[in-house]
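Participant: Turn these sequences into a full structure, and let the hints guide you.
The residues making up each chain are set out below.
Protein chains: 2
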Amino acid sequence: MDTKSLTERELDDIYAFAVQLGKDAGKLLLEAAQSRFNGENTQEVVEKDSSVDIVTKTDEDVEAFIKTSINQKYPDHAFVGEESYSKGSSRAYLISDAAPTWCVDPLDGTVNYTHLFPMFCVSIAFIVGGKPAIGVIYAPFLNQLFTACRGRGAWLNETQRLPLIRNLIPPMPKNAPSGCVFSCEWGKDRKDRPDGNLHRKVESFLNMAAEVGGRGGKGGMVHGVRSLGSATMDLAYTAMGAFDIWWEGGCWEWDVAAGIAILQEAGGLLTTANPPEDPSTAQIEDVKLGSRLYLAIRPAGPSGTESGREGQERTVREVWRRARELDYTRPGA
Amino acid sequence: MDTKSLTERELDDIYAFAVQLGKDAGKLLLEAAQSRFNGENTQEVVEKDSSVDIVTKTDEDVEAFIKTSINQKYPDHAFVGEESYSKGSSRAYLISDAAPTWCVDPLDGTVNYTHLFPMFCVSIAFIVGGKPAIGVIYAPFLNQLFTACRGRGAWLNETQRLPLIRNLIPPMPKNAPSGCVFSCEWGKDRKDRPDGNLHRKVESFLNMAAEVGGRGGKGGMVHGVRSLGSATMDLAYTAMGAFDIWWEGGCWEWDVAAGIAILQEAGGLLTTANPPEDPSTAQIEDVKLGSRLYLAIRPAGPSGTESGREGQERTVREVWRRARELDYTRPGA
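Chains as they are written, first to last, in this note's numbering: chain A, 1 to 333; chain B, 1 to 333.
Please keep in mind that the hints were generated in silico from the structure rather than gathered at the bench.
Hints should not be assumed to be uniformly reliable.
For identical chains, the list gives no copy identity; a pair is met inside one copy or between any two copies.
As the list claims (entries may be wrong) - Restricting the straight-line Cα-Cα distance to at most 27 Å, the calculated cross-link-like pairs of lysine-lysine (BS3-like) are:
1. K218 / K191
2. K67 / K174
3. K87 / K27
4. K218 / K67
5. K73 / K23
6. K174 / K191
Facilitator: Take a look at the structure:
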């Protein structure tokens, strides 16, 4: 990572600023959610469907708050946010290596937020040299704050270092994905095409879930299948060690940038969701932030026979062997 | 519900006792989880697979604590707990109408607990006349306490009445299941039989998720599909209004008894998961506690054209239309 242009002290200051910004933004999210408990905005909540408007307004308000705060403090830094991106004319990948860039999702898990399911959060990443150096994720309804800065560890609520189990970090299970908690999302592409993303995803989920020996040898018998409806929270829980594997396509960079910083700082591995031609021998490369395709493996310790990284890579190959290729491109890419 | 033998004052006392018991038991769960953060029981966490032992020990310890506390305070009450049931010789349905009965799962979401994913909880129900009258669910890692007593409302953390949106409870969406958050679980039956439970479940999930018009007209285009790995938490979030629909087979009575008390007191509907011969006209009956098959609908307010109950029943029929019959029987039933 190129942080040459930033001193460690400057990075510390930016980190402290980002953490406070995350707390303040999360508080705004929670206040907006709570204003609905007792019937403010009643007109908009008569039909749950129409509460999309509430989400949009909260999204925009919180993004404006974050963007203004950053512009005031760091006028030279670039800013990429979900809301401003959606309203812009360009669909290009906007994060360059040239300037330090903030990449922000003011509200990840919008469907959850609409329905007041607690798995929603604000996600703030600070990117240097094209790579996430700082990540802040705050889920205010759960009172869970995940933070990381390159070289300074990853933390839950600023006191509990991640992964949670620390002095002997568990290796990946011998027969992974068996023994693993597998996190995945159904997503928004629900087209009923025989070979569309929905069916490719479900086929992959089934391979991971089915008994060993089933599915023509692809049965993975994972310990559990989880779907939270938030890519950001999926990554946070993978960094925590609670999810062993997260596999997903279709995310945007603001969904994952903060989670990547936290996962990598905790010792997790992140690569692409789509299986290469030969899953058993292909190079396992670091994921590209704009790729929209992600496979995350939790932090892992060594076993008697392999290093933590070897266990993670073995798990990546076992997932690739069971996963279908997903079709998510960048508009204009 | 037959509470004739209990005065309202007695029920109040039992409710207060149950809430404190839930808090104390949840604290024990959290302490046992935290003891693993810094490497106590290191031997057992070297392989995540073998941490099943930890779970069993915690399960047994917490159930023993709960059972002893109840026996001391209410020696005449019956007790059914997951651990004691599993070790007993009978597989019969043990809850009778004769005596007030406590039905307890000391740790629901055991896979989550093993992996330290926060969605685990203690579940305590008090049953009178065969029906859950009191429910206490405490998820200590989330600091979320759900409580209810027949006639006294359902509550989150003792201060926020459920459902969360109150002064104008949203009706069910007009085109439900479209617009609904659908909660479901993959469960433990992973046999790769063409018409086994795993494939029937996935077919039902796909029907609920796919675009309207897809799946031969069964596409439900739900707003989101969620899987938490805890039937108890699923029911709590349905009572909260965060999940619109929960559909599941395979649960035992201790998984759901407390959640049923909370959901029903919040105004939710609970019936059977398995579709009747004619989903559009069949009577919608209250679920039987020992049935192992559950379909829950969140509390719903009236719209301009139907009552809350009518909206819930309409949603039940739409789920039945998309759901396959599941095969879960009681051993010996």
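Participant: Confirm or reject each hint.
Facilitator: Structure-based check of all given hints:
1. K218 / K191: both (25 Å within a copy, 13 Å between copies)
2. K67 / K174: neither (46 Å within a copy, 37 Å between copies)
3. K87 / K27: For K87 and K27, only the intra-copy Cα distance (25 Å) is at most 27 Å; the inter-copy one is 47 Å.
4. K218 / K67: So K218 and K67 fail the 27 Å test inside a copy (46 Å) and across (43 Å) alike.
5. K73 / K23: within (17 Å within a copy, 44 Å between copies)
6. K174 / K191: between (37 Å within a copy, 21 Å between copies)
Hint compliance for this structure: hints 2, 4 are not met, and every other hint is.
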